[in-house]
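Using the sequences and the hints given, assemble the complete structure.
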Amino acid sequence: MGKTLMKGTEAIAEAAIQAGCRYFYGYPITPQNEIPEYMSKRLFEVGGVYVQAESEVAASNMILGGGTTGERVMTSSSSPGISLMSEAISYIAGQEVPVVVVNVVRAGPGLGGILPSQSDYNQATCGIGHGDFNMIVLAPGSLQEAVDMMQKSFDLAQKYRIPVMLLCDGVIGQIMEAVEIPPGHGKNLSEPEKWACGYMKERGGKRTIIRSLFLDPEELEAHNRKLEAKWHEIEKNETSCEKYLTDDAEVVISAFGTVGRIARTAVDDLRAEGYRVGLIRPLVISPFPYDDFESLIPGCRHILDVEMNWGQMLKDVNRGVRYRLPVSFYGRSGGMCPGVSEIKEECRRIFAKLSGEGGDQ
Amino acid sequence: MGKTLMKGTEAIAEAAIQAGCRYFYGYPITPQNEIPEYMSKRLFEVGGVYVQAESEVAASNMILGGGTTGERVMTSSSSPGISLMSEAISYIAGQEVPVVVVNVVRAGPGLGGILPSQSDYNQATCGIGHGDFNMIVLAPGSLQEAVDMMQKSFDLAQKYRIPVMLLCDGVIGQIMEAVEIPPGHGKNLSEPEKWACGYMKERGGKRTIIRSLFLDPEELEAHNRKLEAKWHEIEKNETSCEKYLTDDAEVVISAFGTVGRIARTAVDDLRAEGYRVGLIRPLVISPFPYDDFESLIPGCRHILDVEMNWGQMLKDVNRGVRYRLPVSFYGRSGGMCPGVSEIKEECRRIFAKLSGEGGDQ
Amino acid sequence: MVLGQLVAYGAMKEGKFVTWLPSYGPEMRGGTANCGVTVSSRPIGSPFVASADVVVALNQPSLDKYEASVKTGGFLIYNSDMAKYTPTRDDIRVIPVNASQIAGNIGNEKAVNVILLGVVIAISDLISDDTAREIIKQKLGSRKPEFLESNMKAYEEGRKIGLSV
Amino acid sequence: MVLGQLVAYGAMKEGKFVTWLPSYGPEMRGGTANCGVTVSSRPIGSPFVASADVVVALNQPSLDKYEASVKTGGFLIYNSDMAKYTPTRDDIRVIPVNASQIAGNIGNEKAVNVILLGVVIAISDLISDDTAREIIKQKLGSRKPEFLESNMKAYEEGRKIGLSV
Amino acid sequence: MAEKIVYQRPKSWIEGVHTHYCPGCTHGIIHRMICETLDELDIRDITTGIAPVGCAALMYGYIDTDFIEAPHGRAPAVATGFKRIRPDRLIFTYQGDGDLASIGMGEIVHAANRSENITVIFVNNAIYGMTGGQMAPTTLLGQKTTTTPDGRDPQRAGYPIRVSELLASLASPCYIERVSAAKPAHLHGLKKAIRKAFRNQMENKGFSLVEVLSTCPTNWGMRPTVACDWLVNNMIPYYPLGVFKDFE
Amino acid sequence: MAEKIVYQRPKSWIEGVHTHYCPGCTHGIIHRMICETLDELDIRDITTGIAPVGCAALMYGYIDTDFIEAPHGRAPAVATGFKRIRPDRLIFTYQGDGDLASIGMGEIVHAANRSENITVIFVNNAIYGMTGGQMAPTTLLGQKTTTTPDGRDPQRAGYPIRVSELLASLASPCYIERVSAAKPAHLHGLKKAIRKAFRNQMENKGFSLVEVLSTCPTNWGMRPTVACDWLVNNMIPYYPLGVFKDFE
Amino acid sequence: MPKGRVEILEQYCKSCSMCVEACPKKVLEISDRINKKGYRPVEAARPEDCIGCGMCAMRCPDAVIRVFREE
Amino acid sequence: MPKGRVEILEQYCKSCSMCVEACPKKVLEISDRINKKGYRPVEAARPEDCIGCGMCAMRCPDAVIRVFREE
Ligand SMILES: Cc1ncc(C[n+]2csc(CCOP(=O)(O)OP(=O)(O)O)c2C)c(N)n1
Ligand SMILES: Cc1ncc(C[n+]2csc(CCOP(=O)(O)OP(=O)(O)O)c2C)c(N)n1
Ligand code: SF4
Ligand code: SF4
Ligand code: SF4
Ligand code: SF4
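So the sequence lines, in the order shown, correspond to chains A, B, C, D, E, F, G and H.
Residue numbering for the first sequence follows our numbering, starting at 1 and increasing by one per position.
Residue numbering for the second sequence follows our numbering, starting at 1 and increasing by one per position.
Residue numbering for the third sequence follows our numbering, starting at 1 and increasing by one per position.
Residue numbering for the fourth sequence follows our numbering, starting at 1 and increasing by one per position.
Residue numbering for the fifth sequence follows our numbering, starting at 1 and increasing by one per position.
Residue numbering for the sixth sequence follows our numbering, starting at 1 and increasing by one per position.
Residue numbering for the seventh sequence follows our numbering, starting at 1 and increasing by one per position.
Residue numbering for the eighth sequence follows our numbering, starting at 1 and increasing by one per position.
Heads up, a few of these hints could be off.
Some chain A residues flagged as far from chain F (calculated, every beta-carbon gap over 12 Å) [what the hints assert, rightly or not]: (1) Leu5; (2) Arg42; (3) Pro182; (4) Thr239; (5) Glu242; (6) Asp247; (7) Gly311.
BS3-like mimics (lysine-lysine), calculated; alpha carbons at most 25 Å apart, straight line [claimed, not checked]: (8) H:Lys37 x F:Lys11; (9) G:Lys36 x D:Lys65; (10) C:Lys110 x H:Lys37; (11) A:Lys159 x A:Lys194; (12) A:Lys194 x A:Lys206; (13) A:Lys3 x D:Lys137; (14) C:Lys13 x C:Lys139; (15) C:Lys137 x B:Lys7; (16) C:Lys160 x C:Lys110; (17) E:Lys11 x G:Lys26; (18) E:Lys191 x G:Lys25; (19) E:Lys11 x B:Lys201; (20) B:Lys7 x C:Lys110; (21) D:Lys13 x A:Lys7; (22) D:Lys84 x D:Lys65; (23) B:Lys315 x A:Lys226; (24) E:Lys196 x E:Lys11.
Source of the hints: derived by calculation from the structure; they are not laboratory data.
Given the structure is predicted, the values throughout are model-derived calculations rather than measurements.
Positions of the beta carbon are idealized from the N, C-alpha and C atoms, including for glycine.
Here's what the structure looks like:
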């Protein structure tokens with residue numbers, strides 16, 4: 001399969017199918033309706049199952065149940081719908097069920113608007129549900145990345161038995177561009193997952209209990225320590241970050257998702273104008289690539305964080321550079337997206353200030 | 001009313017009534033059942049309304065509706081129930097409705113256990129719902145504080161038209177101790193709130209729309225900027241933090257809620273042993289008192305963060321001291337609570353290390 | 001649980017700092033539902049009771065579970081009609097009380113708690129005898145006046161046992 | 001929207017980088033639903049179109065809203081049967097096309113899009129004439145072969161108008 | 001001879017705005033009827049509407065009362081929260097079939113069962129309008145939608161839910177009627193039902209729900225008048241008009 | 001004369017454990033019946049149970065099959081997710097009245113309406129057991145609970161919901177029966193209904209629900225046998241036993 | 001037959017034809033004009049036949065029509 | 001009358017009396033002993049009357065009783 005021009009949502013859906021996902025449970029919400037729509041048609045063709053859940057609460061609990069079979073299951077939604085999944089996601093994390101959740105983010109809070117946004121960063125990376133847990137969150141910056149990450153999401157979910165979120169801003173969902181969807185590499189369940197439910201017979205009567213309830217606090221603490229150790233493992237292995245022209249950069253733009261690609265154009269343009277500017281772009285935003293940010297410290301003089309929200313990644317950026325570099329923020333919210341020229345303008349301002357302070361540009 | 005011996009949950013409920021709250025919507029969940037139970041009886045006596053909602057989703061939407069009248073409304077729940085309120089809380093923030101939510105935290109994730117915990121710190125202070133918003137979160141360290149903060153919560157909610165959470169670990173909910181509940185100071189709605197719903201007649205036909213939907217992204221961005229400005233105002237005015245013997249302390253323990261009071265005993269004991277140790281305890285955890293932490297920087301040599309979770313406040317502590325002080329963590333999770341002797345032990349270890357490094361203890 | 005609350009009320013009455021903290025489980029009966037009471041003359045830090053001066057066990061599971069938490073030199077009091085104890089420690093003082101039987105004799109099966117309260121007050125200095133009597137009147141008398149007499153009687157019986165140790 | 005997609009398909013066929021991004025609203029009809037297409041020979045950063053070489057407006061609201069986003073020297077093409085335009089700028093080239101009428105004449109009311117595509121291809125170098133024809137065949141021909149002929153005719157008509165500017 | 005006004009825009013219909021509804025969508029008719037009722041009962045300035053999430057999300061742009069926006073499906077809970085505090089004010093929810101019968105099933109069943117003294121206008125157009133035509137709980141068997149490309153199959157998606165009948169099986173609610181907005185002959189009944197649902201609330205009778213069979217020309221892919229015929233021929237046989245509960 | 005075993009612990013009942021239920025709570029009887037059914041139909045090792053949030057949250061400690069824990073009220077959705085992937089395995093949910101009829105109302109209505117091929121054991125004890133005796137949707141009028149200290153008042157809290165009747169008003173579900181666990185005379189019917197609800201699933205007949213009237217001696221504040229009498233005298237008149245739907 | 005008259009608020013009409021179908025006298029027709037929103041508004045093609053029954057207005061989803069009747 | 005016999009797994013009994021009420025022959029009674037969990041287990045007070053009908057076992061929530069019948 002070569003490159004084809006596809007709409008983001010449909011490419012994501014097809015990528016999931018190629019990754020071996022045969023079970024989709026979801027509820028419509030703009031701007032990701034084409035995912036369930038596509039699935040309702042395609043899964044029937046490939047012998048999978050599409051269930052239109054009665055709500056996002058139900059959908060998230062369906063993936064909980066579905067995920068316990070060991071098969072690749074997913075749901076997708078957009079911001080308000082994701083909020084309704086909070087409780088189930090906490091359970092899924094606690095019960096160690098592998099699932100994939102796609103969030104095509106729209107602008108909030110509340111009903112907000114249906115235009116693109118990155119304002120679910122905090123929720124996805126930090127506090128989506130109650131209790132001590134984290135999930136893995138991937139943030140694609142182009143349609144091709146979204147497709148590739150869709151497949152990776154399933155691999156990670158099953159490797160670590162953890163919920164994985166593909167966090168796409170609305171642009172990724174709605175854009176059409178050329179993508180290549182690598183043909184299926186989804187694992188084939190020739191024999192049942194050792195931990196999965198429904199295989200008691202195959203296992204000679206040994207049963208499986210998938211639970212997060214531990215009334216004895218010492219047991220629960222031990223369980224939580226296990227989850228914590230797993231998360232440390234993930235922090236060690238699974239961060240991912242792109243650095244573009246950062247080696248000699250005086251100013252580095254930090255951005256994720258669609259803003260990353262926009263910032264890249266700004267960087268190219270500014271380089272052409274002679275500015276020493278670079279880009280750092282986390283591809284996995286949870287666990288966050290703190291080390292990559294820390295490595296900017298000796299050379300870089302200023303970080304400009306650009307986001308499509310009111311600055312939610314800022315605290316992670318600051319943490320990454322350990323408050324040893326000045327970090328400023330430029331953002332648009334509510335469905336507005338920072339444009340190339342706005343970013344360039346902001347950078348030029350920073351350079352002007354730096355040279356006023358006696359820099360060498 | 002002098003001091004009486006009361007159970008935490010009941011004291012909190014009575015404090016709400018004294019603060020002028022007459023409307024309670026809730027759903028049972030351990031360990032806070034005594035709140036709805038108390039309310040179902042007492043509100044009837046004082047001419048208020050208790051509604052047992054069919055779920056936490058419904059309860060949180062009932063306070064949304066109730067809050068639009070301008071009256072003092074509340075709900076209470078515990079961790080999994082709070083997760084189910086995520087969507088509504090995002091709406092409430094976006095629609096600027098004053099409400100108070102009590103979370104008597106139990107150990108998670110998932111069903112977890114019903115014993116005390118502080119593992120909803122992330123959720124409460126950072127990512128509970130979708131979109132750009134924050135809520136105010138108060139974290140009492142004793143029953144008396146819980147009672148006082150209950151009243152403050154209503155004041156803040158109405159002053160800023162924002163959701164306010166009283167985040168109590170299960171200890172605060174279940175403990176009995178002597179408290180004094182200051183008699184009612186709840187405002188009396190002699191005339192309708194200017195912004196409230198249901199007063200079109202009184203306002204001569206001028207109507208009110210309480211919404212968060214703005215399909216025009218520029219309008220939504222403007223709305224979000226308004227919310228942001230309000231939040232900055234809150235950050236300026238409403239942080240609150242207790243410092244105990246920090247002036248000359250080499251090691252400062254950071255802790256919130258019940259752990260704060262336990263740590264205080266540890267500090268007293270250690271001081272008696274001659275250790276220069278202090279305690280910093282945020283009373284309001286959102287907005288976080290970063291400045292108070294920053295002020296520790298010159299003198300203090302080490303921060304020991306102690307929590308009843310896997311270290312959720314840690315990143316805020318680090319941010320507060322701007323990564324310029326070593327911060328270590330001691331925590332118990334899953335319903336376990338760090339004890340006085342564990343904390344002392346940990347401190348002694350730190351002092352031993354510091355003196356090895358050539359300190360002056 | 002009621003026993004603990006009575007002690008707590010009493011301590012507050014005497015102007016002491018006190019915390020009462022239950023440990024609750026899903027087992028509504030016959031389990032190890034219990035509470036920890038801390039009485040102190042200075043503000044109380046941790047309300048958790050890791051090692052206790054006095055442990056009162058009403059049934060076998062509680063006895064098994066909390067035996068270990070009695071401080072050296074402390075008391076372990078248990079209802080010998082509901083639990084059996086084979087000594088494993090020699091550093092604590094153990095007081096078996098045939099409380100169910102006594103309660104039965106008094107004609108108030110629910111007075112087991114009050115009997116044990118009598119024992120506790122007699123052997124410890126948590127609260128004074130007078131305070132205890134007053135609290136019983138106040139807290140139990142108001143709710144169920146018809147049982148007040150038998151409750152006072154139960155307290156006396158318990159106190160006798162306690163004093164005789 | 002379809003017009004934009006056809007251009008996008010064509011550009012991809014010619015090996016260019018292309019993005020197509022719709023702006024969607026709740027208004028399912030008659031509103032300003034629109035899309036932005038970016039064609040480039042290098043990877044595309046922002047897919048948002050702030051200022052455009054060519055703006056095609058199918059109705060009055062779109063015309064009013066997007067007039068301002070035409071670059072200096074760019075083209076504003078509109079369906080003069082659905083919208084009226086009173087010039088406010090003199091730095092752009094304006095092409096009114098009576099597309100509804102032409103489509104009616106051809107006997108395919110839905111061909112308005114294709115007519116305007118013809119105009120766009122003729123006045124710009126987004127994609128070549130050949131590519132455009134092939135894309136029409138491929139994308140429109142396969143779905144509704146019965147309309148292929150009238151669509152090609154519509155394209156020709158549009159192209160004629162475009163070339164005559 | 002003097003000219004008498006037979007019909008004019010209701011006062012509660014906000015002047016100068018153009019609704020965002022598709023041409024011929026019966027949402028507009030129902031809105032208009034609500035406005036007329038507010039005018040006739042003279043209750044506009046003591047009424048608060050709850051806007052749903054669905055095509056009617058922006059209804060406060062057209063009906064001139066106080067409004068609260070509710071999350072998708074939660075309007076009955078929002079209304080409960082409000083009405084329990086302001087029993088002397090009127091409140092109504094306006095909900096689509098996705099909003100009320102899918103995501104909001106729990107809330108509507110329980111509000112009905114508590115017999116909250118509220119008025120519910122339930123617009124059943126057998127599809128999700130706002131999100132572009134996915135299956136609703138009320139989508140008919142065999143009906144094609146964007147998520148039932150081969151038509152709704154009862155094996156995979158169950159049977160269409162008859163909401164009025166379901167809620168009428170509860171002991172508590174006061175008044176439940178199904179009417180239609182499709183044909184001129186239906187409109188009198190529609191108006192009467194809406195008026196009654198508000199009157200009941202004024203008289204503290206408890207929960208009243210009017211289910212209005214409605215069209216979605218756009219997502220059904222039909223011209224508006226054809227959609228009305230389709231409703232009559234396909235929906236009414238499965239969703240019979242009539243009163244299912246009336247405690248009068 | 002040889003001795004024959006008339007009754008012994010079912011094989012599916014896990015040996016050596018002491019249930020956490022209060023003395024005389026009928027949860028235990030229902031558990032035992034499920035175990036017996038699993039044994040008789042020989043389906044233990046192809047069955048997965050969904051544990052609810054409620055007193056039965058720990059049921060996997062007693063019944064020896066695979067188990068998944070579901071969030072409060074969501075068992076039908078969890079079961080749906082599972083069963084659609086493993087149609088050849090059996091799955092059952094076990095839900096209290098708070099779980100199923102309050103917070104989980106949306107999920108049960110829709111699972112029933114999709115006629116998911118699952119078995120639901122619905123334990124109606126008219127109260128919230130695990131959380132200590134608050135009002136449930138099925139609490140009887142006048143019944144005192146910790147949140148209806150003066151007894152349930154229909155004006156404030158509505159009428160008790162008859163779940164079987166409500167769900168039976170849907171077109172899709174296959175089998176719905178209400179039975180009782182209170183009296184020896186009821187137990188045969190209870191067992192039969194549970195067996196049938198599993199058999200239906202084995203035969204791919206779709207959604208089956210058995211509503212079991214059950215006691216909560218602790219929160220009702222009665223001795224176990226008195227609670228059984230109370231059930232017979234108060235619950236059965238309002239919740240009549242019987243088959244409400246059967247597609248056989 | 002009473003004599004009626006309709007007034008059309010053209011700018012709000014969406015050309016949906018609901019009123020055209022509703023009119024028992026076939027008074028209304030979609031015009032050839034285009035309004036600001038791009039729709040062809042309805043017009044009274046046979047005003048003389050109008051009986052002022054109000055059916056058109058009752059059915060219009062956009063409250064476009066005002067109806068008068070001579071008394 | 002057939003002859004029956006019951007075996008009580010005493011350690012699981014919670015003394016709820018459900019079986020006592022269920023037995024048509026009034027064979028069972030709550031004993032005076034206390035089991036490990038603190039309950040007084042049921043016992044066959046009149047074992048000779050047992051007809052092995054199994055009613056007690058069918059009603060026991062804790063699966064405490066095993067029932068035998070002579071054939
Ligand atoms: C929590 C949540 N889920 C989903 C949506 C997306 N959504 C908006 S409207 C709608 C359904 C609309 O259908 P209906 O309620 O039938 O109303 P209609 O548009 O047909 O009038 C959905 C699913 C949302 N906004 N919020
Ligand atoms: C989201 C959420 N809300 C509330 C609870 C608390 N809770 C646990 S069990 C229960 C209800 C129990 O009643 P029921 O379902 O009738 O079962 P029973 O205990 O009576 O068997 C509740 C409200 C919870 N665990 N999670
Ligand atoms: S999408 Fe359907 S329901 Fe919505 S306005 Fe258009 S026709 Fe009406
Ligand atoms: S008032 Fe009656 S007759 Fe006149 S145009 Fe309208 S529908 Fe036709
Ligand atoms: S088997 Fe029958 S007769 Fe024997 S003890 Fe049990 S119930 Fe009584
Ligand atoms: S029914 Fe079972 S638990 Fe109850 S007394 Fe009888 S044997 Fe014991």
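(message) Next pair to validate is C:Lys137 with B:Lys7; report whether the Cα-Cα distance is within 25 Å.
(response) holds (21 Å)
(message) At 12 Å, judged by beta carbons, does A:Asp247 keep clear of chain F as stated?
(response) Correct as stated: the minimum Cβ-Cβ distance to chain F is 48 Å, above 12 Å.
(request) For the pair supplied as a hint, A:Lys159 and A:Lys194, confirm whether the alpha-carbon distance does not exceed 25 Å. (result) At roughly 13 Å apart (the allowed maximum being 25 Å), A:Lys194 and A:Lys159 satisfy the hint.
(message) Just to be careful, I want the Cα atoms of A:Lys3 and D:Lys137 compared with a cutoff of 25 Å; is the pair within it?
(response) Between A:Lys3 and D:Lys137 the Cα gap is close to 20 Å, so the pair holds against 25 Å.
(message) For a C-alpha distance cap of 25 Å, please report whether H:Lys37 and F:Lys11 respect it.
(response) holds (23 Å)
(request) Decide if the proposed pair is consistent with the structure: B:Lys315 and A:Lys226, CA atoms, cutoff 25 Å inclusive. (result) holds (21 Å)
(request) Would you check the hint for E:Lys11 and G:Lys26, treating anything up to 25 Å between C-alpha atoms as holding? (result) violated (28 Å)
(request) Would you mind confirming whether the straight-line C-alpha gap from C:Lys110 to H:Lys37 stays at or under 25 Å? (result) holds (19 Å)
(message) Can you confirm whether the C-alpha distance between E:Lys11 and B:Lys201 stays at or below 25 Å?
(response) holds (15 Å)
(request) Quick one: work out the minimum CB distance from A:Gly311 to chain F and report holds if it exceeds 12 Å, violated otherwise. (result) With a cut-off of 12 Å, A:Gly311 remains clear of chain F, as the shortest Cβ separation is near 33 Å.
(request) Measure nothing beyond the straight line between the CA atoms of G:Lys36 and D:Lys65; if it is 25 Å or shorter, mark the hint as holding. (result) Status holds; Cα separation ~13 Å.
(request) Against chain F, does A:Thr239 hold up as non-interface, every C-beta pair farther apart than 12 Å? (result) holds (31 Å)
Hint violations for this structure: number 17 only, all remaining hints satisfied.
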